[in-house]
Amino acid sequence: MSSETAVSDTLGTKTPAWKRRRRPLLPRAWRRPMAIVGVVIVLAWLVIAIFAPLIAPYNPLAQSFTPLQAPNAAHWFGTDVLGRDELSRVLYGSRISLPLSLVLVVCSMLIGSVLGAIAGYFGRVVDEVIMRIADLVFAFPTIILAMIVAASLGPSLLNAVIALLLVSWPNYARVTRSLVLGARQQEYVVAGRLMGAGVFRSLGRDVAPNVVAPIFVLATLDFGNAILLLSGLSFLGLGAVPPTPEWGAMVSDGVQNFSQWWLATFPGIAIFSVVVAFNFIGDALRDALDPRTAEAVSGVSI
Amino acid sequence: MTGLSIRGLTLSIGDKRGATPILRGIDLEIPAGRVTGLAGESGSGKTMTGLAVCGLQPAGSQVGGVVELHSDRVQVPNLLSLRSSALNRVRGREVAMVFQDPTASLHPMISIGGQLTDHMRFHLGLSRRDARARAVDLLQRVHVPHAADALDRYPHQFSGGQLQRVAIASAIACDPGVLIADEPTTALDVTVQAGVLRLLRELCDDLELAVLLVTHDLGVMSAVADTIAVMHRGEIVEHGDRYQVITEPRSEYTRSLIESLPDTPPPGAAFVPDDADADQEGATDAR
Amino acid sequence: MPAELVFDDVAVTYRQSGRAELRAVDGVSITLAPGEVLGLVGESGCGKSTLARAACGLEPLSGGNIRFGGEPVPRLRMLARPARLRRIQMVFQNPYASLNPRRRVGSQIEDGRRAAGGSAPSIAELLADVGMPADAMSRYPHEFSGGQRQRIAIARALAASPDVLIGDEPIASLDASLQAKVATLMRDVAAKRNASLLFISHDLSVVRMIADRIAVMSAGRIVELGTAEEVWARPKHAYTRRLLASIPIADGLGRLPKV
Numbered sequence: 001m002s003s004e005t006a007v008s009d010t011l012g013t014k015t016p017a018w019k020r021r022r023r024p025l026l027p028r029a030w031r032r033p034m035a036i037v038g039v040v041i042v043l044a045w046l047v048i049a050i051f052a053p054l055i056a057p058y059n060p061l062a063q064s065f066t067p068l069q070a071p072n073a074a075h076w077f078g079t080d081v082l083g084r085d086e087l088s089r090v091l092y093g094s095r096i097s098l099p100l101s102l103v104l105v106v107c108s109m110l111i112g113s114v115l116g117a118i119a120g121y122f123g124r125v126v127d128e129v130i131m132r133i134a135d136l137v138f139a140f141p142t143i144i145l146a147m148i149v150a151a152s153l154g155p156s157l158l159n160a161v162i163a164l165l166l167v168s169w170p171n172y173a174r175v176t177r178s179l180v181l182g183a184r185q186q187e188y189v190v191a192g193r194l195m196g197a198g199v200f201r202s203l204g205r206d207v208a209p210n211v212v213a214p215i216f217v218l219a220t221l222d223f224g225n226a227i228l229l230l231s232g233l234s235f236l237g238l239g240a241v242p243p244t245p246e247w248g249a250m251v252s253d254g255v256q257n258f259s260q261w262w263l264a265t266f267p268g269i270a271i272f273s274v275v276v277a278f279n280f281i282g283d284a285l286r287d288a289l290d291p292r293t294a295e296a297v298s299g300v301s302i
Numbered sequence: 001m002t003g004l005s006i007r008g009l010t011l012s013i014g015d016k017r018g019a020t021p022i023l024r025g026i027d028l029e030i031p032a033g034r035v036t037g038l039a040g041e042s043g044s045g046k047t048m049t050g051l052a053v054c055g056l057q058p059a060g061s062q063v064g065g066v067v068e069l070h071s072d073r074v075q076v077p078n079l080l081s082l083r084s085s086a087l088n089r090v091r092g093r094e095v096a097m098v099f100q101d102p103t104a105s106l107h108p109m110i111s112i113g114g115q116l117t118d119h120m121r122f123h124l125g126l127s128r129r130d131a132r133a134r135a136v137d138l139l140q141r142v143h144v145p146h147a148a149d150a151l152d153r154y155p156h157q158f159s160g161g162q163l164q165r166v167a168i169a170s171a172i173a174c175d176p177g178v179l180i181a182d183e184p185t186t187a188l189d190v191t192v193q194a195g196v197l198r199l200l201r202e203l204c205d206d207l208e209l210a211v212l213l214v215t216h217d218l219g220v221m222s223a224v225a226d227t228i229a230v231m232h233r234g235e236i237v238e239h240g241d242r243y244q245v246i247t248e249p250r251s252e253y254t255r256s257l258i259e260s261l262p263d264t265p266p267p268g269a270a271f272v273p274d275d276a277d278a279d280q281e282g283a284t285d286a287r
Numbered sequence: 001m002p003a004e005l006v007f008d009d010v011a012v013t014y015r016q017s018g019r020a021e022l023r024a025v026d027g028v029s030i031t032l033a034p035g036e037v038l039g040l041v042g043e044s045g046c047g048k049s050t051l052a053r054a055a056c057g058l059e060p061l062s063g064g065n066i067r068f069g070g071e072p073v074p075r076l077r078m079l080a081r082p083a084r085l086r087r088i089q090m091v092f093q094n095p096y097a098s099l100n101p102r103r104r105v106g107s108q109i110e111d112g113r114r115a116a117g118g119s120a121p122s123i124a125e126l127l128a129d130v131g132m133p134a135d136a137m138s139r140y141p142h143e144f145s146g147g148q149r150q151r152i153a154i155a156r157a158l159a160a161s162p163d164v165l166i167g168d169e170p171i172a173s174l175d176a177s178l179q180a181k182v183a184t185l186m187r188d189v190a191a192k193r194n195a196s197l198l199f200i201s202h203d204l205s206v207v208r209m210i211a212d213r214i215a216v217m218s219a220g221r222i223v224e225l226g227t228a229e230e231v232w233a234r235p236k237h238a239y240t241r242r243l244l245a246s247i248p249i250a251d252g253l254g255r256l257p258k259v
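Protein chains in written order, with this note's numbering: chain A, 1 to 302; chain B, 1 to 287; chain C, 1 to 259.
The following block holds chain A by itself, in its conformation from the complex (with noise of 0.2 Å):
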C-alpha cells in the first residue's frame, strides 16, 4: 500500500500542514487599501455607537442653545431649530441605524435564505409558490413598497424595519435559490442522501456550508442599502418619530431648512461613511471568496 500512496503523492502535497489554510485569501481581503478603509470607518462608528455618552459634548435632545448657529468653536457641527446641538445629535444616530440596520440585514439574511434554500432544494410546488411570492415583491420598488407597508402600519422605527423586512427577503431568496441549485447536485450531497441523510441534514451539513460564503457578502454589501433605506423612511417621516436623533430624520429637518447647509449635510455624510464603508469591505470580501473575480481585479489571469 505504501509505495501506492507515494505514487500518488507525487501530485505534490508536499506543504507543511501549517502552511495550508482551509481559506487562504481570507486575510488578502483586509491587504486591500479600500477595505483596510472600509474597516477602519465601520470600527469608528462602533466605537462611536458605544460610547457616544462619553463623546458627545451635549445632551443629544436639549433644546437649550441659541437656535440655527453656524458651524463653531463650541458646536462644530452648528445647533438646528430647536437649538440642539448638531454633532451630538450625528454621535446619538449612530446607535439607532447602526443596531436597527443590523437587525434589519441579518433577520431578512435568515428569512430570505432559509426560504430560498427552501425552495431550491425542494424544487416543484414548493419552489413555485415561494418564488412567486418573491416575484410578487420584486414588481414594485422597494422604496415604494416600503413606504406603503410602513404608512399602513404608522410610524415608528419598529413598524419601518418591519415594512423594510417584509421587501427586502426575497432578495436573498433567490440568490440562495440559484445557489442550492447548483449545489444540490454535486456528488457529495448525493452521496449523503445514500448515506441516509434526511433533507433538511442534507440542506444543513452537505449544502449550507457550500453556498453562506456568497450570501455573507451580499449581507455585506446589503448594510449599506439598509442603513439607506431606513434613514430615507425616517426622511419621510414613516421611520424615526421627533424628537429622536435618526439621521435620516435629521436630513429631512435640514432640507426644510435649506439655507442653513450644516444641518443636512454632516448626518448625509455619517450616512454617506457607513455605506461606502460597507461596499468597501463587501466588494473585498467578495473578491477573496470568489476566486475569480479576485484575479480579475488584480489583472492575474490572462
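Be careful, since some hints might not be right.
Derived Cβ-Cβ restraints for the label pairs, each shown as a range [said to hold, decoys possible]:
1. C/Gly-63 - B/Gly-114: 41 to 51 Å
2. B/Ile-110 - C/Pro-72: 42 to 52 Å
3. B/Gln-157 - A/Leu-181: 23 to 33 Å
4. A/Val-129 - C/Pro-72: 28 to 38 Å
If you want the footprint, here are the derived chain A segments under chain C, 3+ residues with CB under 8 Å [to be verified]:
5. 190-198
6. 201-209
No lab work stands behind these hints: they were computed from the structure. For glycine and all other residues, C-beta sits at the position ideal for the given N, C-alpha and C.
Fit chains B and C to the given chain A structure using the hints.
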C-alpha cells in the same frame, strides 16, 4: 531539417518571494515526419511544456531556455524571445495546437466554416471564397463526412470525435510545420479515439508534420508515437525509441509507470473469425 | 446477510423538449450475485451510469423493476433512505466533486458509519483499508490528490457496510498509473467484506483485471454478458469486437488500433 528543438526550457510560477519551478530544463527534439510522445502523470509539467512552446504559459510565470523553429519558410532562433506580434504570426501559422476538449476549444456561436476560414484569411491572406474552398478540402482531409454542408453547421451539431477532427483541420489549415497535440483523445470514447489517432499518424506521415503528442495514456503512446519522452516533476527522465521505452525502460520512474498498467494480453486473441465481417484479424498497420 | 441485486427488464426514459424520447436504458435484465464482481463497460452515453444511478433509486424507472434482497428499490425522494437500502453504496466518478470541501474527511466517513448503525469498523481502520494514513481524518479534501480523494470516497462508501458497492466510472478521472491500482483496491475491499461490486468503466482493459463477469452495454442495452476471460478472448457480439479492437495496447509495437 524542419522541426522544433527545445533546449533548456524552464518555467516557474510564483511571486517575488518564492517561485515554484514547474519545468526544470527540458531538452527535446521534435523532428518533422515523426510523432514525439511526451508522457507523464498529471502535474508532471507535460502540458505546460506544450503551452510554453507556443508562448501560452500562464500569466505571472517566468520562462527561460531556447525553442528553435526551422521550417521551409522561416527560421526562428528562439520562439520565446519573440514579441507578441511576431509570435502571433508564427503561432497558428507555423506552430499549431490541438487541445483535449474540442467542445471547449471551438467557439459555440460561430459556424465551423467561420472558424476554419478566419485564421486562414489572417495568416494566408486568402479571399473569402478561396478560404472556403480550402476549408472544404481540409474537412475532407480529416475525413469529416459531407464537408461542404459541415461548414455551415455549429459545433453543438457534431459529435465529440467529429469536433476533434474539425479542431485538427483548423490546426493544419495554414500548413504548419509543427503540431502540438495536448491529450487530443482523452475526452473521446475508445472507438472514436482509434480513428483520431489514425488521422494524426496519417497527417504526420503525409504532411511531414513534426508532432508533439502530449498524453498520459501509454497505450496511445505505444500506438502512434515514434519516440517517447517521459516527464516527471518537471524533468524528462527518459527519452528513447517507442519500443525501448515501453519494453526496456531505463529509468526507475518509467518502469513504475509501466508496471502500474493493467497486464493485458491482446484482446480477442482466441477469437476465430467465423464470418466475413471480422476483417484481417491482427493486421498490423505498417506505417 | 448479503443479498442479490436484480435488474428486471429495467428501462429509463428521458423526455427531451422538442425531440423524441431518449431511452437511456432499454430493457436491461441482469443479476448481481452476492460477492460477485460485475464489470459494466460501454461508451459514453450508452446508459451505464444511468443504470447505476437507478440502482440507488436516483432515476425514475419507466419500465421493469430493480429488486434488492427480494424487495423493490424505490425512488429516493424526500424521505431519508431506509437502512435496508443503505447497503447499496456508490463511489462516484469525480473525486473532486464527491467529497464535501467544507467538512473534514473523518466527519464524512463518520456519516457512512452512522448509516451502518454502529457495526462498522473505526475510521482509522477504514482509512488503513484503502491505504491512507489515520491522520487523514482530521484534514480537508482539498489537501489530497485526486487518487487519494478517490480512496477516501471508497472508505466512506465502505463505512456504510454495503452489500453492494457500485463504482460509477471511479477511475475515469485518475492518472493512468493509478487506474489499475484503485480498481484493484475496490475489488479487494469489496471481497474482504463479502460485498458484491458493480464496476462501471469505459476501460475494458482495467475491467478485465478485476471482474468475474463483464457486461457490455451499447445504446441502452446489454449486448454481451460473459465471464471476463470469455468476453476478452472470445467476444461474440460485433460491438464488443469493435470495442476490443480499438483499445491501444502499450506493447511498444506501434500498432494503430482499428477503427
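- State the violated hints by number, sorted upward, taking the hints as numbered earlier in the document. When the structure is compared with the hints, none of them turns out to be violated.
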